[in-house]
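If you're matching them up, the sequences are chains L and X in order. According to the working numbering, the first sequence holds residues 282 to 671 in order. According to the working numbering, the second sequence holds residues 1228 to 1387 in order.
One should not assume that every hint holds.
On the chain X side, residues computed to face chain L include the following (Cβ under 8 Å) [stated by the list, open to error]:
id, residue
1, V1281
2, L1282
3, I1310
4, L1361
5, P1369
In the EDC-like style, the derived pairs of lysine to aspartate or glutamate whose C-alpha atoms are separated by at most 20 Å in a straight line are [claimed, not checked]:
id, chain 1, residue 1, chain 2, residue 2
6, X, K1333, L, E601
7, X, K1372, L, E601
8, L, K507, X, E1308
Take a look, some chain X residues computed to stay more than 12 Å from chain L by CB distance [stated by the list, open to error]:
id, residue
9, Y1230
10, R1240
11, G1247
12, D1260
13, E1274
14, E1275
15, F1277
16, D1284
17, E1308
18, P1338
19, N1352
20, D1355
21, F1385
22, R1386
Rather than coming from a laboratory, the hints here were simulated on the basis of the structure. Just so it is clear, CB atoms sit at the ideal spot from N, CA and C, and this is done for glycine as well.
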Amino acid sequence: MAETRYMTVNMGPQHPATHGVLRLLLELDGEYIVKTTPIIGHLHRGVEKLAEERTYHQFIPFTDRLDYTAGMNNNLAYVMAVEKLLGIEVPKRAQYIRVALAELQRIAAHLIWLGTHALDIGAMTVLFYTFRERETVINILEHVSGARLTPSYMRVGGLAADVPDNFETLVMDFVEKFPECIDGYETLLTKNPIWLQRTKGIGILSKEDALNYGVTGPVLRGSGVKWDIRKQFPYSSYEDFDFEVPVGTVGDVYDRYLVRLEEMRQSTRIIKQVITNMPSGEIMADDPKVSLPPKDKVYNDIDALIRHFKIESSGFEVPEGEVFFSAENPKGELGFYLVSDGSNMPARIKIRNPSYYNLAALPKMIEGSLIADVVTVIGSIDIVLGEIDK
Amino acid sequence: MDYHEMVDLIKERFPEAILGYKIFRGELTIEVDYREIVPVCTFLKEEEPFRMEVLTDLAGLDYGVEASPRFGIAYLLTSVEHIFRMRVKISFEEGTEIPSVSGIWKSAEWPEREAWEMFGIQFVNHPDLRKLLLPDDMKGYPLRKDFPTKGYHFEEPFRV
Chain L
282 MAETRYMTVN MGPQHPATHG VLRLLLELDG EYIVKTTPII GHLHRGVEKL AEERTYHQFI
342 PFTDRLDYTA GMNNNLAYVM AVEKLLGIEV PKRAQYIRVA LAELQRIAAH LIWLGTHALD
402 IGAMTVLFYT FRERETVINI LEHVSGARLT PSYMRVGGLA ADVPDNFETL VMDFVEKFPE
462 CIDGYETLLT KNPIWLQRTK GIGILSKEDA LNYGVTGPVL RGSGVKWDIR KQFPYSSYED
522 FDFEVPVGTV GDVYDRYLVR LEEMRQSTRI IKQVITNMPS GEIMADDPKV SLPPKDKVYN
582 DIDALIRHFK IESSGFEVPE GEVFFSAENP KGELGFYLVS DGSNMPARIK IRNPSYYNLA
642 ALPKMIEGSL IADVVTVIGS IDIVLGEIDK
Chain X
1228 MDYHEMVDLI KERFPEAILG YKIFRGELTI EVDYREIVPV CTFLKEEEPF RMEVLTDLAG
1288 LDYGVEASPR FGIAYLLTSV EHIFRMRVKI SFEEGTEIPS VSGIWKSAEW PEREAWEMFG
1348 IQFVNHPDLR KLLLPDDMKG YPLRKDFPTK GYHFEEPFRV
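Throw the hints in and build the complete structure from the sequences for me.
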């Protein structure tokens, strides 16, 4: 009786379609995949260990570099976790600006996803159009925060500085013309027979599996579970805005594609509401422990100088306890579990990274598929290795 | 149903396993005896009024070299059906064998591997306990409080 041995093929850490340094060991029976083992850790930077020797404020730039396509969203999740631990309230204007920037960043991240996913499957044209729109968004983010990809713009208690005067005009101009751009991408892909053949019925993840594996974000919604942190545990004034949460039915690659496209449209809707209803006011909380005094006071008043020095050099002390806060990122639910021992540095920060859990479900999704489908499914779960490896 | 009623329900079912609970910033954290973690988690996953089908996160903790018990694990559970969250914590000494919850939630597999490689927490009944993020030949447990941030071989040239 012949013994069956499977061939093991390595999809190495260097690969144009793995969206980063991901290594997959594929055991193949001909062209069909029997078992997959993802091997991660090539981008591990020890962020959680470094956090234990830095103040809460000094950790903000590390959060930019987790999911480097969604810097503003990561900043927001971390900063709100610290604010929850401190128990401080952020002014309305800062909350609205945070929502606008987070949704703009969501559009930018989904545009990268769409361009690269279509490119992996072979539709090269889409990339050029999505990156053209993304340039407009990134230019707005650079105008506001100074950097395209690593903004570090949110602060504990509010924002680093107020937005420039032409922010609202720039954003409204973008938001007026963006829905037709999404229609343009749809004409290229949504009813394209090649796209349908490559994505329908591929990489199916059932509802029970999705919940058991802890996947979140568009992957979970594509499998039919209506779960969006912005609706179930609203934060930063999301309850003031009117938007839909798109849900798929089958849980295949095509469903996730439709979910993300619709999310881009809903983000545009949220941004329009934010800009039309933008309140005026402060952008930093009134708490003397976290907010810096105004510069003219610092130069003239000794108490303000002392407070400025204390906050800049050793940060603020945080009550003892632990807290978990999560936000809806473009990739899924990014959460920060902060454990504080009462000092100015965290005792433990555990990052609940969405792509980590989404990738753990990959072997389940591609069991029994062809090798060509591996690339399609990796693109559809939209992983970023910076987030997985921390 | 408020948090105190929930804790009473769990205490009724597992009188010795629940060592305490805390409510801070609107979150419920219950302390459980580490020997009973699998029955408690199975109860929380399957029974009403909890139905916590999702294990959102599993974090290893090191309370410090002097602390006793030294290590801990925090399980963050989410109920999608009833829309609420709860944290379950266990604490234990070094070298204790902890039952794995990956039989209850598949999402526990990778975080338990990470807790093992970062803290040295020994899990039993884990399907595939090997290093996840760190190089295979690395020694030591990096996230422990007595492991230096720069590591042990920082000054040496990198060997290829």
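Hint-by-hint comparison with the structure:
With its C-beta approaching chain L no nearer than about 5 Å, X:V1281 sits inside the 8 Å limit, and its interface hint holds. The interface hint given for X:L1282 is met, as the beta carbon of that residue sits about 6 Å from the closest beta carbon of chain L, less than 8 Å. For X:I1310, the suggested interface contact is upheld, since its CB lies about 5 Å from the closest CB of chain L, less than 8 Å. Hint status for X:L1361 relative to chain L: holds, with the closest Cβ pair at about 6 Å, below 8 Å.
Among the interface hints, the one on X:P1369 holds; its C-beta lies about 6 Å from the nearest C-beta in chain L, closer than the 8 Å criterion. Proximity of X:K1333 to L:E601 is assessed by CA-CA distance (about 32 Å); at most 20 Å being required, the pair is judged violated. Proposed proximity of X:K1372 and L:E601 is supported: the alpha carbons are some 18 Å apart, at most 20 Å. Only pairs whose Cα atoms come within 20 Å are accepted, and L:K507 paired with X:E1308 is accepted, the gap being roughly 10 Å.
With a minimum CB-CB distance of about 15 Å to chain L, X:Y1230 clears the 12 Å threshold, and the non-interface call stands. The Cβ of X:R1240 sits about 23 Å from the closest Cβ of chain L, beyond the 12 Å cut-off, so the non-interface label holds. Non-interface status of X:G1247 relative to chain L is upheld: no Cβ of that chain comes within 12 Å, the nearest being about 14 Å off. Every CB of chain L is more than 12 Å from the CB of X:D1260 (nearest about 19 Å), matching its label as outside the interface.
At roughly 16 Å, the least C-beta separation between X:E1274 and chain L is larger than 12 Å, which holds for a residue marked as non-interface. Under the 12 Å C-beta cut-off, the non-interface status given to X:E1275 relative to chain L holds; the minimum distance is some 17 Å. At roughly 14 Å, the least C-beta separation between X:F1277 and chain L is larger than 12 Å, which holds for a residue marked as non-interface. Not every CB of chain L lies more than 12 Å from the CB of X:D1284, the least distance being 4 Å, so the non-interface label is violated.
Residue-level check failed: X:E1308 sits 10 Å from the nearest beta carbon of chain L, not beyond 12 Å. Not every beta carbon of chain L lies more than 12 Å from that of X:P1338, the smallest distance being close to 8 Å; the non-interface claim is violated. The claim that X:N1352 is not at the interface with chain L holds, since no C-beta of that chain comes within 12 Å of its own (minimum 17 Å). Some Cβ of chain L comes within 12 Å of the Cβ of X:D1355; the nearest lies about 9 Å off, and the non-interface call is violated.
For X:F1385, the condition that its CB be more than 12 Å from all CB atoms of chain L holds, with the nearest at approximately 15 Å. In this structure X:R1386 is separated from chain L by more than 12 Å, as the shortest Cβ-Cβ distance comes to about 17 Å.
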